[in-house]
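Visitor: Chain residues, written in single-letter form:
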Amino acid sequence: MIETLLSLDYEPFILSFKLASLTTMILFILALPLSWYLSQTSSRIKPFIEALTALPIVLPPSVLGFYILVSLSQNSPIGAFFQNVFGIELMFSFSGLVVASCFYSLPFMVQPLQSGFESLNKNMLEASYISGKSRLETIFRVALPNIKPALLTALIVTFAHTVGEFGVVLMVGGSIDGETKVASVAIYEMVETMDYSMAHIYSLIMIVMSFTVLLSVYSFNKHHNKKFGL
Amino acid sequence: MIEINIEKKLHGSQSEMNLNVCLEIEEGSFVALSGESGSGKTTLLRILAGLESAKGFIKMGEEIWQEGDFVKETQKRQIGFVFQEYALFENMSVLQNLLFVSQDKELASHLLEITDLIQLKDRLPNTLSGGQKQRVSLCRAMMNRPKLLLMDEPLSALDMEMRNRLQKEILLLHKEFKTTTIFVSHDPSEMYKLAERVIVLNQGKIIKDGRVKEILRQTQGSQKFSFRGELLDIIQADVIFIAVVSIGQQIVEVVLDESEMKKFKVGDEVQVSTKAFAPTLSLV
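Here the protein sequences line up with chains D and R, keeping their order.
The first sequence: position 143 = 143 (the numbering used here), numbered continuously.
The second sequence: position 196 = 196 (the numbering used here), numbered continuously.
Hints were generated in silico from the structure; no laboratory data involved.
Because the structure is a prediction, the values reported are computed rather than measured.
Any given hint could turn out to be false.
Unchecked claim - Pairs of lysine-lysine, DSS-like flavour, derived with a Cα cap of 30 Å:
no. : chain 1 : residue 1 : chain 2 : residue 2
1   : R       : K147      : D       : K133
2   : D       : K122      : R       : K8
3   : R       : K275      : D       : K122
4   : R       : K9        : D       : K122
5   : D       : K18       : D       : K222
6   : D       : K222      : R       : K121
7   : D       : K133      : R       : K59
8   : D       : K122      : R       : K213
9   : R       : K9        : D       : K133
10  : R       : K72       : D       : K122
11  : D       : K133      : R       : K72
12  : R       : K121      : D       : K122
13  : R       : K178      : R       : K76
14  : R       : K262      : D       : K122
15  : R       : K76       : R       : K59
16  : R       : K121      : D       : K226
17  : D       : K46       : R       : K55
18  : D       : K133      : R       : K208
19  : D       : K46       : R       : K59
20  : D       : K46       : R       : K8
21  : D       : K122      : R       : K263
22  : D       : K122      : R       : K178
Said to hold, decoys possible - With the Cβ distance kept under 8 Å, some of the chain D side facing chain R (calculated, not the full set):
no. : residue
23  : P56
24  : N123
25  : M124
26  : K133
27  : F140
28  : V142
29  : N146
30  : M206
From the three backbone atoms N, C-alpha and C, an ideal C-beta is built for every residue, glycine too.
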């Protein structure tokens, strides 16, 4: 058993986690201003932005994958921009996967953060402004520390969701060893080639890891809520 | 001198109304703002804090806070604000709440000493009682040595004993820092104890403005005693009726005959008055 585990090819897992970590980091930076804006605004365009952000939840991955593919290709402005300015080919490459994952996982970062910010006592934020603190300082020193469970949920669920994505990754990245063949795609290929024993091992590893991650989030939130009397 | 001349359309509880306030307040004074709920008191406070927009002009001493399109940011107004529901930073200890405003450790411990909170300085806000939280909030508001202290019904969520205590502390701080203070209150005894001047708002307009004693004194003409209260019950006892009236924290009974009884119904706001030629005071 241990021998099998040691001799396993872990590259798909490493790739999955690399992809998930990068996506989570990039999305956090992008989603922070967006979710803050959505939580504070009462603008008429708010529902449109919210609906747009939530689209990846309801769309079939194939639809999302198709349009990402189209927009990342060298014939599109985005693809051409990356190709010409950075010399990065987005299609069937790891960079392309990162871009695709950012679209795919966006709602999982934005929604918890937004509802976290919305649950904050408005007067508390105003008290910070009155104390002379800028909006940015208020976000980092008052808002974020007071929504730790929502923050953790956003980060972990985005991470886990990216590890768990399949359809979009397959469409945009294909299955290139060490470049775009993430764990979920690797398992799919094993099943296709009827290598069921390896598929089992890979799948079980995924289940155990995902469960551990989710368990730690829920335990943290329970502990946190107790501490702050919620 | 603070000069205020502002106007804002409000969507009140009953209908749209215009908040229209023109006011001058002397520096260092303690002003109570009163009036029914929905009369625009809180909005006025929030406009002064720069938390809400309005048309008009606000000048604090030599400093223009608002004129034409220019609005000075909340952050730069150097004010203190005490919210009814405390609004403490939940992630910070009592001391950190104060130091967040300014790093002046000396002032922080001085304020905590005055308000008797020094032994609670490392506690998180959610472990404190309502009265303690409001004292922290008051100290926090004083931390940037505000030019103007605004308090929105700071004591209304607290019980009688805690109110009395905080009233004393507010007065103490006011005497020490000489901060111009505007506070919203419904409690006449509170206004009497703290304020020099009372302003009463109704439907967005000032309807009364004067020295606290003139505004709050309800007796007129030759009547010496007069109290406002709520009629809680009318009880029939043989041929007479007894009206049970709640005045402040007290319940009193007043005898009525049948013809008088018909004029009232339970829930009415009533005035109990009598000619008292020789009232006596005694300790309880």
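Visitor: K9/R and K122/D: Cα distance at most 30 Å?
Guide: 22 Å, holds
Visitor: Hinted pair, alpha-carbon criterion (30 Å max): K122/D, K263/R. Please report holds or violated.
Guide: 46 Å, violated
Visitor: Starting from K122/D, check that the Cα of K178/R is at most 30 Å away, please.
Guide: 29 Å, holds
Visitor: K222/D and K121/R were given as a pair; does the straight-line alpha-carbon distance stay at or below 30 Å?
Guide: At roughly 26 Å apart (the allowed maximum being 30 Å), K121/R and K222/D satisfy the hint.
Visitor: Assess, step by step, whether the Cα of K133/D is no farther than 30 Å from the Cα of K72/R, and give holds or violated.
Guide: 14 Å, holds
Visitor: Run the distance test for K18/D versus K222/D: straight-line Cα separation, threshold 30 Å.
Guide: 29 Å, holds
Visitor: Are K121/R and K226/D close enough, with their CA atoms no more than 30 Å apart?
Guide: 21 Å, holds
Visitor: How about N146/D: closest beta carbon in chain R under 8 Å, or not?
Guide: Where the cut-off is 8 Å and the nearest Cβ of chain R is about 5 Å from N146/D, the hint holds.
Visitor: Given the hinted pair K133/D and K208/R, is their alpha-carbon gap at most 30 Å?
Guide: 37 Å, violated
Visitor: Run the distance test for K121/R versus K122/D: straight-line Cα separation, threshold 30 Å.
Guide: 24 Å, holds
Visitor: Holds or violated: are the alpha carbons of K72/R and K122/D at most 30 Å from each other?
Guide: 20 Å, holds
Visitor: Against chain R, with CB atoms and a cut of 8 Å, does the hint on K133/D hold up?
Guide: Where the cut-off is 8 Å and the nearest Cβ of chain R is about 7 Å from K133/D, the hint holds.
Of the numbered hints stated above, those contradicted by the structure are hints 3, 8, 14, 18, 19, 21, 23, 27, 30, listed in ascending order.
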